[in-house]
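Take a look at the letters that make up each chain.
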Amino acid sequence: MSNSTQTQTKADASEQPQQQQKPQVLEEDDEFEDFPVEDWPQEEAEQNGSAANGGNEHLWEESWDDDDAAEDFSKQLREELKKVEASH
Amino acid sequence: MASQPPILDEFLGGIAVQIQNRDGAKLQDLLQIEPPLSEAYQRLIQELRQRYPPGPQSDSDLLQRCEALIPRTKGGSSWTAFPTFMKLYFTFLRDVNTDNLLDTYNQLKALLNQCVLALGDSQMGVVVLPTVLYLSKVLAKLAMGLDRRPELIAHILRMEGSMDNDESIEKVTLVEQSANVVREAFIKCLTDRTGTPGPQGKPEGKRVGIYLMANLCLKLLFQCGKLRNAEQMFASITAQSPPLAHFPASQRVTYLYYLGRYLFSNNLFYPALIALQAAYDQCHRQAISQRHLILAYLIPCNIIMGRFPSRKLLQRPEANGLTDKFEQLCRLIVRGDYIAFREYLSPSSPAAEWFARKGILLTIRNRCEIMVWRSFCRKVFIHSGFHGDPQAQAQRGPPPYLYLEKLTVATRWLQSQHRQAQLSNGVNHATPDFHFYGSQVIPEPIDPDFKGLDGSEIPTAQQLLEKFGDYLAPDGFFDEGGHWHENMPGRLIDGNPGADYDAFELDPYAEATEDGPEADKQSLLMDEVESILASLLTQGLMRGYLTHRNPRFAIPGARVRGALPTGFPNIWETIFAREKDDDSVPGWVRPPPPGALGAAGGGRVVNLSGARPVGVQ
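If you read the protein sequences in the order shown, they are chains U and Y.
Counting from 1, position 21 in the first sequence corresponds to residue 21 in the UniProt record's numbering; the numbering is continuous, with no gaps.
Counting from 1, position 237 in the second sequence corresponds to residue 237 in the UniProt record's numbering; the numbering is continuous, with no gaps.
For reference, chain U alone in the conformation it holds in the complex (with noise of 0.2 Å):
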């Protein structure tokens, strides 16, 4: 019995030392962990007590289109096609 206490102790405990070396702590394990506790009022689940359920907080953008003729990317692909209309 307490052979298999040691075995998973040292699987459990080789584990650690990868997962202290990544920088972030919550990449350390992919596997969805039990709850500590067994149930809770919605309340509990909101973000800072919000009242609506995290739906008036601005989570997703829907509008993302780039539209800034500075960045560097448009700036180039810009000046790339004047030189070729300008060539024809």
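Derived from the structure by calculation, the hints contain no laboratory data.
Any given hint could turn out to be false.
[Stated by the list, open to error] Now the stretches of chain Y that chain U is said to cover, found in silico as 3 or more residues with beta-carbon under 8 Å:
1. 114–121
2. 287–297
3. 335–347
4. 569–580
[Claimed, not checked] Dumping the calculated DSBU-like pairs for lysine-lysine here, alpha-carbon to alpha-carbon at most 35 Å:
5. Y:K521 <-> U:K82
6. Y:K26 <-> Y:K141
7. Y:K325 <-> U:K75
8. Y:K137 <-> Y:K26
9. Y:K171 <-> U:K75
10. Y:K137 <-> Y:K109
11. U:K75 <-> Y:K312
12. Y:K521 <-> U:K83
13. Y:K109 <-> Y:K226
14. Y:K521 <-> Y:K580
The beta-carbon is built from N, C-alpha and C at its ideal position, and this holds for glycine as well.
Assemble chain Y onto chain U, guided by the hints.
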């Protein structure tokens, strides 16, 4: 030792009491197996070894003692599976040898199997539900531990010679075997007929275990990569489970997480988004690691549907570790540089490794590139398209358009930019300047089968034979009548391949025209650009039409809204408009709508529809 009272008697007495009280939790508490075991269990093991040493006689004696545990029913079927389980429990304690973890695993699995059989009893089964869950968790932990550290049992497998057995039999990993046992328990829970079963019902009897068992099974199936096996589970849940809302938050969130991931990997992005968003919304705000994992799938799901994570979201603590990966991905989609996008997700990139570990690399690569092309086309249109004549508000003016030639020019420019960057970095990915075979936009090395075909020389028969000998001169062949003929070594089945060899037969893409190679080069790329645009138009990610003869992308009906918003509509809005009418999520049982018959649980309304358009307050 002899002076101590027999602990086995005491232990069996305790078990009998819990059976009589139908107290499953206390029963489970008694049935410990996981080390470290307390002093009392050590004494129990000692006693078992002394009084019931391994052997058929003591096993049957033990069984007899365990049979006294269950209430006798008059003439009715008695719960025979339970005494057998108890006997196995005792022999497990007595015999387990953790030097051989494979044996331990198999014994534990047998024990769980027997417990699941005991669970099947319609009257008493529910009493062992907590024990089934407990044993399942221990088995899952052991199986997943051994899966991560195969060297712990490699020597045993080698000794038993079970590693090189019949290749034709599919090997079932320990994790998958465990999933199969847990699934049996899940089915027993789901099909319990106590009280009101089905979607109108409540979690009563064994049904309280539906999602506990399902979640454990899903964890194992994800671990062993057998997602397909989950399909039947989700279908049975849809058909027979009470609404998920009746179950505790921890079970709901865990289940919606796995369901969302399953739907995501089946390319059902909108249902996946709803499930994952609901998991995120219901997850306890302090459960950072779980929220982190949910986000790791919720974010790509949204990106694929055209919605990017906001700064606010990425600044949340649970987004730590996700931010840089997804921010860069979004940046590349916005920029429209498809080569940089491909490089970011190519096998050599560290980010790709991360995406692959999460199991989302291929989905992202396949689904997002089209958005990169949309951004690229949009930018080319901004800089060199005809945007319509603002003066000529009159009806006659032509609609805004873009010559596709500009796109091919821009593509070639992009390719040359990257080639230069590679050369200056000392990297040479062997990207040929130009080739007639394969894609014109993908700068990857040519498929080896097409290598060398660019040369003007037609390969000789000898060369062909060297390369394709296994096909041209096989060991034998079937004739028209279906009869097998042996072939002489080296004899060409279809005659000399060089005799009627036509170089162009091997070219799946284009034929040389009279316009000369320069024009052909151009038309090859043009064909591909047209296909990409056609795909964008079909998906509704761009709006307008293509003309083929004088290749253009035209944007009619742009007078009111303007050329850009008309020709390049918002991706999220487009996809959401298409999907929003059906917000059902396969595998997620929701309470029947109010007013539907038998709405007994209608008092408890839980808002589960996490998917609402952003900005709606």
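Here's how the hints hold up against the structure:
no. : hint              : in the structure
1   : 114–121           : violated (count 0)
2   : 287–297           : holds (count 6)
3   : 335–347           : holds (count 3)
4   : 569–580           : holds (count 3)
5   : Y:K521 <-> U:K82  : 22 Å, holds
6   : Y:K26 <-> Y:K141  : 22 Å, holds
7   : Y:K325 <-> U:K75  : 25 Å, holds
8   : Y:K137 <-> Y:K26  : 17 Å, holds
9   : Y:K171 <-> U:K75  : 56 Å, violated
10  : Y:K137 <-> Y:K109 : 11 Å, holds
11  : U:K75 <-> Y:K312  : 29 Å, holds
12  : Y:K521 <-> U:K83  : 21 Å, holds
13  : Y:K109 <-> Y:K226 : 19 Å, holds
14  : Y:K521 <-> Y:K580 : 44 Å, violated
Violated hints, in rising order: 1, 9 and 14; the structure is consistent with all others.
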